[in-house]
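S.K.: Spelled out, the chains give:
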Amino acid sequence: MTPIIHIVDDDDSFRTAVGRLIASYGFRVAFYESGDQFLTALPTPEPGCIVLDLQLPGLSGSALQERLAETAPLLPIIYLTGEGNIQAGVRAIKAGAEDFLEKPASGEALKEAIDRALLQNERRRAEHDRVHALEALVASLTPRESEVFCQMVRGKRNKQIAYAISTSERTVKAHRHCVMEKLGAKSLAEAVSIAERMGLLDISPKPMRRA
Amino acid sequence: MARQFDDHPGRTSERAFPWDHLHTSTDTVLCSICYYGSVLLGARTFMVCNWKVRSSRIVRSSAAFFFLVLPMLAAGQAVSMEIVGRVPRVLILYPYDERIAATTEAGEAVRNRLREGTAGKVDIFSEFLDLTRFPEKAHVEKMAHFLTDKYRDRRPDVVIALSDESASFIATHRNTVAPGARIVTTGLSRSTAGNIHLPGDVIGVFNKDDIVKTLEMARGLQPKARHLFIIGGSADLDRAWLATARADLADLAKNYETTYLENVTIDEFVQRAARFPPDSIVLALTIFKDSTGRNFIPREAIRQIAATASAPIYGPYPTYIDHGIVGGNMVTFESLGLAVADLALDAIAGNPIVSVDAAPIYIADARQLKRWGLSESDLPAGTVQWFKEKTLWEEHWLAVLTTIAVIAAQGVVIAGLLVERRRRRAAELELRVRLLELVHLNQSATAGALTASIAHELNQPLGAIRSNAEAGELLLRGETPDLNLIKQILVDIKDDDQRAGDIITRLRGLLKKRSEIDWQEFDLNEVIKSAIKILRPEAERRSIVISCSGATDELRVRADRVHIQQVILNLATNAMDAMLDVASTERRLKFQTRLTKGSKVELSISDTGDGIPGEQLVGVFDPFYTTKPTGTGLGLSIARMIVETYAGKIWAGNNPEGGAVIRFNLPLVRSGCVT
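For the record, the sequence lines run as chains A and B. Numbering-wise (my numbering), the first sequence opens with residue 525 and increments by one. Numbering-wise (my numbering), the second sequence opens with residue 662 and increments by one.
Derived by calculation from the structure, the hints in this document are not laboratory data. Every residue, glycine too, gets a C-beta built ideally from N, C-alpha and C. Take these hints with a grain of salt, some might be off.
Per the computed footprint, the stretches of chain B lying under chain A, defined by three or more beta-carbons under 8 Å from a beta-carbon of chain A, are [stated by the list, open to error]:
hint, region
1, 1122 to 1129
2, 1151 to 1161
3, 1193 to 1205
Generate coordinates for the entire structure from the input sequences, incorporating the hints supplied.
M.R.: In structure tokens, the structure reads:
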């Protein structure tokens, strides 16, 4: 599927021109005059990225970036602004922008940035997919299994787990086996990796259910 | 005494000096001549002549001695006056009415001297007896009764009788009109005094005219003269005068070829006078009548003769002066008045008084001296010159000095003002240059503040151009390039280039330096629009929403466009700076125009900042007033200077809904007014 590049810029002529250039690279292009318009037409999660102007009437570029961090975290943002300065650039990158280009940017630089952003997009999408799959697996655990999982990835021995959840060591062993089965983990190390990726190690050892 | 009675001139007209007395029949005739003459010619001139003639009698009679001694004796016997507890009263008796210059002049002199001599502590009464026109005895009696009655409670201490008529009147009625009063008189000769039997205690200032002295004056002036002409009329009075003159001049006349010109008509007088040899002295006596009996006012007859005379004419009367005579030895009425007033003052003071002779003086008419080429230095010592044209300096030295001083002072002031004006002009020019420099400095500062955003704005078209160009390039690399698209791309590139050019132009306009004000007529709306264009990138950067509303008609003003734009930029950047701490959604910069009274257009620029504290509203336009840490405090003061340069006004205020508003106005240019 051809990635779609979303261009958000209030300057008609610039938007059109840069759109033409990007289209000539073989991408699909979508135009938006303002951040609000972009939010309204929040695109389907297709591969692509956003070429965003910093100065926009109404919702500014950075404000839009904040909003998108929640609503469309997978779309990388390339700033293309007439008012680049170090401060604005650092702020944007810190907030997760993929790149920060100044007008008039060369087509080459723009192409590279877009390519990188698309790669990033791809990664994010893959990561997103994987996390999504793992989450489904974790969600399939019973509450008891989930408790055991939380304890075991923290390196607890079966005996300790049994004691903690007031059951027999045998039962813990059985749950543990089921957890390994369900998560498709061949070793404890794999299980720990899964837990780590899902951020389960950062939170309390109490068993928790993911929403 | 008998001799004196016989001498009474009215009765014997062939005798000398008959015209001394108006109560004679001859004098009545004369008087009526005078009266009608006065009606015809204006009473003053004629009557003056009349009075004077009578008062200029030459005394030669042996009886004079008697009358000279008598008053002296009387004066010696006089008891000093007792005036206690009041100011002295003086009654002046005028023989005629108030129009007669001779007596009036003498009377005025009397009056002035009396006031002067008593420091104003004197009661002066005047009575115009008008005896010439009302000589009837019954009437005179009635008048005496009237005056008796009138002055019953204010008896005069001194009576001053002007002329023989007045003297005669008061001498007759002294016991009723002014009992106990001292009587002094003037305007008559000693012989007349004897003729009218003035009592011995009536003291006088008597006239003593002297035709001899007049001739001596003429001799002095014309030492080479060989001929002497003496002119006189045919009236009895004239003849009498001629007779006297003959007697008086007998000795001196021997030195000349002497001619008495008499018994001729006025025309003959004129003709003869016109043919007198140049080395002639002419003495004019009186001409009341010519040989045909025609009546004359003497001085008018003299005037006719003198007008065409070929030799200088002299005469014994001051009234002849200004009628063509060179001068003579004569008595002035003023001197008579002063002298008689002195007598009165002495009487009041209780001093003994005696009769005196009025001192005749030499009087000359400076114009006549000039006419005949006579030398001033040949005049007798003490001669008074009348009508002497003083030099401007002599006559008006004070005025001349004052004028010169005033002109000099004015000159100094004018010079000072000119210098001041020059310095002021220079200062104004300097100020103008300074203002322009200041404005340019301010422009640069504004440009500096806005350049970043303007430069960024420039990136829009530049970026678009680049992208378009690269896109076109790529398209052309394809196998089947979309030529329509390429064409569109080229059009867009052109447009963007134009846009970039406009931005550069604006930036240049912002920095344009003026060495002179470039007066132009322009639409204020256009300048506002262009200012907004310059401001917009910066405003966008700061999330400020700019709006513009108001009059859409053309608002023509006359000023330097760059300057007015600078005012707008100053006010707007101030407004934008004032909104730094405001929530970004609440930053609004509003431009509003409206037409106001007096054909002015007003632009208001308001923000949504914190506004200006009330106590600072007045001072915001002062130089160096600033609230910004980096501000120079010159923006608003320069704005005011510019606006005032173009006859506008600027003031600051706050919006009721918050934020400051700065307004300024400029006069509108009337349509059709082209410069």
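S.K.: Could you work out which of the previously given hints the structure breaks and list their numbers from low to high?
M.R.: Hints that this structure does not satisfy do not exist here, as all of them hold.
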